[in-house]
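Taken in sequence, the protein lines are chains V and U.
Those letters in the first sequence? Residues 4 to 229, by our numbering.
Those letters in the second sequence? Residues 14 to 162, by our numbering.
What the hints contain is simulated information worked out from the structure, not anything from laboratory work.
Heads up, the beta-carbon is just placed ideally off N, CA and C, and yes, glycines get one too.
Each hint should be verified, as a subset may be incorrect.
[Said to hold, decoys possible] Some chain U residues near chain V, calculated using beta-carbon distances under 8 angstroms: (1) His101; (2) Glu102; (3) Thr105; (4) Arg109; (5) Ile111; (6) Ala112; (7) Ala116.
[Claimed, not checked] If you anchor each label on the Cβ, the simulated ranges turn out as follows: (8) Leu93/U to Leu140/V: 28 to 34 angstroms; (9) Ala137/V to Ala40/U: 24 to 30 angstroms; (10) Arg174/V to Lys67/U: 45 to 51 angstroms.
[Unchecked claim] Partial pick of chain V residues on the chain U-facing surface, computed with a CB cut under 7 angstroms: (11) Ala69; (12) Tyr77; (13) Asn173.
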Amino acid sequence: MQKSAVWVICPAFNEGATIANVVADLRRCRYNVVVVDDGSTDATRHEAAKGATAVVVHPVNLGQGAALKTGIDYALSQGAEIVVTFDADGQHRAENIARLVRALKQEHADFALGSRRLGQSRNMPFERRVFLFAATLFTVATTGLCLTDTHNGLRALTRRGASALSLRQNRMAHASEILTDIANSGLRYTEVPVTIDYTCYSLAKGQRTGDFMMILLDLFARKLHR
Amino acid sequence: MIAQVILSLLLCSVLVYSWVEYRRSPAVAVSSFIASLAGLYFVWMPLHSTHVAKFIGIGRGADLIMYLWVCISLIVLLNLHLKLRSQHEVITALARAIALANASSATEAGLQSIEHETAIKSRAELASDASYKEPTMTVRTAAVDSTVL
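With the rest of the complex left out, here is chain V (with noise of 0.2 angstroms):
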């Protein structure tokens, strides 16, 4: 596979500190690197205009499954092959998504789902542990999916596959209504290891646990009306 054709997705709020550093790991291992600024009020957009292929900018703040779609959209009207997702808080490593690629190559799956329970977290505080085994244990029995991290912002996505997603929760219950749009699909997923790096940053920038409550009322209100 190409590099060329392979289109990583950062979706950005506020992110100025670190997007021009996680920017320039990607464009250095030659990935094409589309950032979406979800309507950052600090320097993101700038920052992330120094490296990357592309920025997008919400003139609204959205949500990042909103930026996600975002992106995705932009890519394939690039003619992506390859889409990967890419959290901008840098916990993520560029190093990790050849090997997303090179699974999506080698079983003839649409979609990689990186996993830290497979892989490594590091710093991850105990609070952590426990919602995200909690979010996966529901997340695998509204799906019926056999994963063991659904809640894992490091994706890729053949073209079939991001197609297949419809991505209408704007918020944070995007990561679990794509993984009822990859069951629906019917198309093949597989898991990779990756690794996660938890920083006191990612950890200031990520989801607080309470946060739980509002995704539920999200995708419950999804199931309400058409």
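Starting from the structure of chain V, add chain U where the hints point.
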């Protein structure tokens, strides 16, 4: 009598509302329809409502109707919430269209510096790619360490 007429009018408007809403959210429409029908019945048959109220353990029929009214309000509130959500989806589509229309490819200067950088690093990268065998999870490169705050 006056109170009954006013209440009936209000409940009829809920009936109309549920009929209008049916296309968008059948669940909300059907439940508010049933609730308002029950309300109408009890407004005109307060005695029956008292029987029912006693049966389910509420003191007076009037209380029962008030509870029903609260339920209807909650359902309408939920429906408003759903409406807001679908409106937000429209906003999202709009914002996305604007964002994609204004998508900027990276500045030429930025791209060139990256090209230069990748040219230098590509040999090292190739070497590391070739040596890639199995996912060894404990390896941690100095470059990544430096990004960890």
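To see whether the hints hold, each was checked on the structure:
Here the hint on His101/U is kept, as its CB sits about 7 angstroms from the closest CB of chain V, short of 8 angstroms. At its closest, the beta carbon of Glu102/U sits 7 angstroms from a beta carbon of chain V; the interface hint therefore holds under the 8 angstroms criterion. The closest approach between the C-beta of Thr105/U and any C-beta of chain V is roughly 5 angstroms, which is under the 8 angstroms cut-off, so the hint is satisfied. Checking Arg109/U against chain V: minimum C-beta separation of about 5 angstroms stays under 8 angstroms; hint holds.
Hint status for Ile111/U relative to chain V: holds, with the closest Cβ pair at about 5 angstroms, below 8 angstroms. Interface hint status for Ala112/U: upheld, as the beta-carbon distance to the closest one in chain V is roughly 5 angstroms, under 8 angstroms. Annotation: interface hint on Ala116/U holds; nearest CB of chain V at approximately 5 angstroms, less than 8 angstroms. Look at Leu93/U against Leu140/V: about 33 angstroms separates their beta carbons, and that is inside 28 to 34 angstroms.
For Ala137/V and Ala40/U, the hinted distance range of 24 to 30 angstroms is satisfied, since their beta carbons lie about 28 angstroms from each other. Under the hint 45 to 51 angstroms, the C-beta atoms of Arg174/V and Lys67/U, about 46 angstroms apart, fit the expected range. For Ala69/V, the suggested interface contact is upheld, since its CB lies about 5 angstroms from the closest CB of chain U, less than 7 angstroms. Taking 7 angstroms as the C-beta cut-off, the interface hint given for Tyr77/V holds, the closest approach to chain U being about 6 angstroms.
Interface hint at Asn173/V: satisfied, since its Cβ lies 6 angstroms from the closest Cβ of chain U, which is below the 7 angstroms cut-off.
When each numbered hint is compared with the structure, no violation occurs for any of them.
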